[in-house]
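Please build the complete structure, drawing on both the sequences and the hints.
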Amino acid sequence: MTTNVDHNATVESVNENQLTEDASLRPLDTKDRTMGPIPYMFMWIGDGVNMGNMTLGASIVVAGVATLNLIQTIAAAIAAILIISTVFILNDRIGYEKGIPYVVQLRMSFGFKGTIISSLMRAVPAIIWYGVQSWIGGSALNEVLKILTNGSFDHMVFCFIVLQVVQIILSLFGFHAIKWVESLASIVIMSALVYVFIILMMNYRTELADGLLNIEGSWGLPFFGFIMIFLGNYAAIFLNASDFSRELKTGFSHKQRGLLYFSPIMLAYGFVLIIGAMVATVTGINNPPSALAAVIDNSYVTLGVSAFIVLATIATNMVANIVAPTYVITMLTKVDYKVAAIITGLLAMGAFPWVLVQEESSAGLDLFILIYSAFLGPMVSILIVEFFILRKQKVNVKALYDNKGQFANYNRAGMLSLFIGAAFAFINVDLAWIIGFVVGGLSYYLLSKYAFIGSSFKKGTIFENKSVE
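Using this note's numbering, the first residue of the sequence shown is number 1, and each one after it goes up by one.
Some hints could be false.
With a cut-off of at most 30 Å between alpha-carbon atoms, the simulated BS3-like pairs for lysine-lysine come out as follows [to be verified]: (1) Lys-392 to Lys-404; (2) Lys-398 to Lys-249; (3) Lys-404 to Lys-113.
Honestly, the hints are just simulated from the structure, not real lab data.
Bear in mind the structure is a predicted one, so any value in this text is a computation, not a measurement.
This is how it looks when you write it as C-alpha cells:
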C-alpha cells in the first residue's frame, strides 16, 4: 500500500513570489528527496546508540541490584518505543506529504511571530546539547590520542575544536552527509555492542541472573516512571519529525513508515538500554565507560570505548542537535542552510559546554532540562491536534509561506495552550511529558473552538464557521 500524495503539485502550488525564504525551507518534491528506507533506518539507529541512552539503562541499577527486572525493563522499552513510533508517525505526516520543514509547520498553530518563540524552544536546547555532546566527544578523542601517543599528547580544548570543526563540515552537506555518516556509525557501533553483549553473556551469567533476571522488580511507579524517562529522551526530536520525513523518498504507507521508526529505535535504543542495565548490574558502576572497562579484560578497551564515544557523538549530533536549530536560524536570519549550519556549530562552541559538564553545574543543567521539557509535550500535541483534528489533514501550503496572510502574527489559542500545558506539566515532573501532552492538546482544541472568535487561524479548520471573516 502506498500513499496517493501528489508531492510535485504541493510544491508547484506555492508561487515564486511567496518563496522568499532560503531553498532549504521550501517544500521538497519527489526528486529532491535523498533518503531511502535503509539509510532512514540507519539514521535512527545512529541517533539511538549513545552513552546517554546507555546511562539511562544503567540508572535502573542501585547498589548492583536493578529496580526493574529484565522482563520489566524490556516491557518498559517496548511500551515507550511504541508510543515514540506512534507520535513520530503522527507528527511526521505533514512533512512527508507536504514536504515542509518543522519551522513552517509551526506557523499553522502559532503564527509567523509565534513560531519565533516556539521554534527557539526546540533550537536552544539542541544547540546546548550539541556543545555538551561535542565536549564529551572531544574528551574521548583526547583519550584516544593520549593512548596512541603513549601519553605525550594531552590537549582537550584542541580535540574539542577539531571535533566541532569536523561536525560543522559534515553538517554543510545536510542529509547527504547524514545518510552516509549514520550508516557507517550504525554498523560500527552496533557491531561493538554485539561484542559487549556476547562477553557479558559468556562471563557474567550468574551475576546477571541474580541482579537483573531473578528479582521481583516493580510493575508500579518505577515501571511507569521509567517509560516516561524513555519518552523524555525523545521529547525534543518528536517536534521536528517533519524535518526528517520530508527527506524520505515517496511511496511508503503510514504503517510502513511506522516500521521505519519502530524497528531501528527498538534495535538501537532498546539494545543500548539493556546493555547499560547489564553492565551496571555486573559491576555496580553506573558510569558506562567505566563499567565497560571493568567487564572487558582487554588492554585496548579504553581506546575502543573512547572511539565509540567519538563516533556516537557525531552520529547523535547529526540527527538530534544540528538539523532543527539550523532550520530555525535559517528562518530567523534569512541566511542559507550552509551559513546557518556554521552559525549553529559556533553557537554550540560558545555555549560553555566545559562548564555545563562539571559536577557543580549539574543542578542548573537539570533545572534547564526540566523547564524546556515541560513545553515539549504540549507543543507536539498542539501540532497533532492541528493537523489531524482541526484541519483533517488538509493544509494550504501556499498560505504557510505568506507572511501577510492568515497565519501572520500570533495564534493566541496556540500560544496560550502551550503555556497552560507547560504549567500543568510542572505539577508532577515525573509525568511531565504525558501531562503536558494531554493538557496542551485538549486546551488547544477547546480554545480553538470557543475562544478568539474571528481569528484568521480558524480558516480551513472545522471551526471556520465560528469566524466572522
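A quick look at each hint next to the structure:
no., hint, verdict
1, Lys-392 to Lys-404, "holds (24 Å)"
2, Lys-398 to Lys-249, "holds (22 Å)"
3, Lys-404 to Lys-113, "holds (11 Å)"
Of the hints listed earlier, there is not a single one the structure fails to meet.
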